[in-house]
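Can you build the whole structure from these sequences, using the hints too?
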Amino acid sequence: MDTILDVKNLIVKFDTTQGEITAVNNVSFNINKGECIGIAGESGSGKTQTFFSITGILSDNGKAAGEVNFNNLNLLELSEAELSKIRGKDIGFIFQDPMTSLTPHMKIGDQLTEVSIFHDKKSKSESIKKAKEVLDKVRLPRINNLITKYQHELSGGMRQRIMIGISLMCNPKLIIADEPTTALDVTTQKDILKIFSDLQKENITIALITHDIGVLAEVSDNIIVMNEGSIVEKGKTNKVLVEPKHDYTKHLLSCVPEWLK
Amino acid sequence: MIQLLFKRLTIAIPTLIIIIAFVFFLMRLAPGGPFTNERALPPEIEQKINQAYDLDKPIIHQFGIYLSKTLKGDLGPSYKYKDFTVNELIASGFPVSITLGLSAIILSLFLGCLLGIIAAIKKNTAIDYAVMGVSLVGICVPSFVLAPILSLIFGLYFGLLPISGWGNGNIYNLILPVVSLSLPQIAIISRMMRASTIETLNSDFIKTARSKGLPKNRIIRKHVIRASILPVIDYLAPATAGLMTGSIIIEQIFGLPGIGRYFVVGALQRDYTLVSGVMILYASLLMFLILISDILRALLDPRVKIND
Amino acid sequence: MINTDKNEKLIKKALSVKGTSLLSDAFKRLIKNKASLSGLVILSIITLLSIFGPYFLKFDFYETDWNSIYLPPDFESGHYFGTDGNGRDLLVRILYGGRLSLTIGIIATLVSVLIGVTYGTISGFFGGKLDITMMRIVEILYAMPYLIFVIILMVIFGRNIYLLFLAIGAVEWLTMARIVRGQTISIKEKEFIEASRSLGQSSSFIILKHIIPNLAGTIIVYITLMVPSVIILESFLSFLGLGVQEPLTSWGVLISEGSRDMETAWWLLIFPGLFMVLTLASLNFIGDGLRDALDPKDY
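Residue numbers (this note's numbering), protein chains in the order written: chain R, 1 to 261; chain Y, 262 to 569; chain A, 570 to 868.
Simulated from the structure, these hints should not be mistaken for laboratory data.
All figures in this text were calculated on a predicted structure; none of them were measured in a lab.
For each residue, glycine too, the CB sits at the ideal point set by N, CA and C.
Warning: the hint list may mix true and false statements.
Stated by the list, open to error - In the DSBU-like style, the derived pairs of lysine-lysine whose C-alpha atoms are separated by at most 30 Å in a straight line are:
(1) Y/K483 x R/K124
(2) R/K137 x Y/K468
(3) R/K33 x R/K194
Unchecked claim - Residues on chain A that point at chain Y, a partial pick, calculated with CB under 8 Å:
(4) M703
(5) F805
(6) L817
(7) L838
Right, dumping it as structure tokens:
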């Protein structure tokens, strides 16, 4: 299978007032084309920072070292300008809290179209066409009306679908979803996960970061378990969940209600 | 929009009436009237004067007359500048004061926002420290200290700029007054803008914008500014109030023939009509500014419905 | 799955750590902040000088000396900061002026804090129609060119120093009331207020024992930021000739006299200006430092 993202010896550190903190400590893994990989771990395990560092959206006091190969490029060596050509185009992002992830003073339509206008140099009308297409893909109703609305007029589930739509605007190869279902209610979670499995059918690679083992069991092919900045276990989802090798994975699984197993 | 205007008017008119009443009764509460300082007049003449200015009638009656005239736009005759009406005096000073005030508001808003955004983007760098240093000077050096020092340096030592007079609105005559008037506001606005921009830059939707790979200047222009400028819009009216009071002193220091001068003279000499005329003008201007900031807020923040 | 052994160890460890109160913790952080520390030092020096300095100088603030008019700063004559147009020693006048400016700053601030905190807590705590009405009043007052009211007040009731305290205090409370109201609303939603209510404690008890102590930090920060604005306000009035009267003096009076004489005697403007600017800057640094120190989430 083709590898789409290859991470070697990634280290992420933060300068804080209490000294330097290592958030990600020498992590290596790869993601295959078309798979859905789950990254599990508690909050603070470094799973989010791993993926933020890959595309250079760490906060200002963070720095990353190591090697991240994507499209035959080492992302960590690219300049901000070169990186920004990849972000949003080849790699899409979805964040945890849909309530705060959209710009409050811009119309939904503009937030979608600006991505393809910038990356694909599409005209406004082409971009609007594309926007309607992706909104249809994420199963949003009354699209013509929707693109003239502001985020505060929409529900959390709708906003998260729009976030997914934004990530799809330039037909990305990889989508990184950081706890995309955590802030949503259970039925909306189901809908969002359904969209993910649809996307996977279109051969889009998905990295799903979550602490919710139940979600991973449902959609992921492979799992990486992280704890305190290191990978403690990785492998096929069924295997990791059924016969966990590492103590920490066992501990994580013990937190899942019995019936889910 | 119409509802917003209506709502503001329902506050504005009672406020204005309260202000008129407040000034009217307060000035009459004070011992001594506008004519008591002058040499003693024969009683019949004094009576005539009082009659001419309606001072012989019961005070409530006087207030009624004054209020109804004011609401028609007639602010009455000045007590001290006997050949002029208050309307004429205000009309003569207004162009000067409004030029000074408008230039100061525009300069404060523009420079304050610009410096604040730059400082926020370059947070914790030399640029940030420099901007915040200047802003600290602006906050700690009151305009009545700054103005004499500036005119000492630029006017007397280097002879670059005139230190007093209006010069028919010549731009060189405007520079020193406008700068000394604006600096405190620039300081406050830039701090405010820096704080709110930093907050916006840390918000989730900026993370989204960055993850879209948009260039930095587009993120700032489209996503950051409109969200960060809201506190400054809310500050518009207090800033105007600050500039108004500041202009009273600045007009004195630079010898500008604006309204501020009439206010001080009027207050010191108990020129009732002049003082309350200026007060009404100031209050109306302020309320107009509040309306403008309401409209701006509604335009900038879609969460505020304009007809709410 | 709970490891009781480990938990007991943790509890023991936690108990062995000595607790620090929020205020002492904040004070430590304030001292660590260089800008705030220097502000604190400069402010203390100026305050102490203003209080005790005049006793060590050989001149009195009202003492005129026609032989030494407009003397530039000179160490030999003992006029370290020079003299004014009446031959009075500038240094001693600055120190006396400092007493007055600082006193006005503190007293007027306390007046406004008293009004503002009472108003704000009541409005925020009881909410509803009362809150709407009270805030509408604040909004209307905000729309008034309030400083101009102070000018009118001073003109009408004479230049009485106590009135000056009151007038300044009475116009500065608006901001305080707004901030306190906002804080009160967020505090009253907290669980411990709920708990207190469920114990049947009265509203006034809750306000005094739970709300106001939790507002202390905010109030302290705004006091340090309000004192400078009061000092400026007083100077502003004095500049217009509406503040304190001769032979009493304040920094505002000195600055306004100085700016009139600046072409012949620069020291009359620069020295009082310097004292005032240093004081305002120190207070601002302390205020900023306190705000950071009392807001541990920023840390």
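Okay, the hints, checked on the actual structure:
For the hint pairing Y/K483 with R/K124, the CA-to-CA distance comes to about 16 Å; that is within 30 Å, so the pair holds. A threshold of 30 Å between alpha carbons decides the hint, and for R/K137 with Y/K468 the separation of about 24 Å falls inside it, so the pair holds. The straight-line distance between the Cα atoms of R/K33 and R/K194 is roughly 19 Å, inside the 30 Å bound, and the hint therefore holds. The closest approach between the C-beta of A/M703 and any C-beta of chain Y is roughly 15 Å, which is over the 8 Å cut-off, so the hint fails.
Annotation: interface hint on A/F805 holds; nearest CB of chain Y at approximately 7 Å, less than 8 Å. This hint is violated: A/L817 has a C-beta 19 Å from the nearest C-beta of chain Y, more than the 8 Å allowed. A least Cβ separation of about 6 Å between A/L838 and chain Y falls short of the 8 Å threshold, and the interface hint therefore holds.
Consistency with the previously given hints fails for numbers 4 and 6, ordered from lowest to highest.
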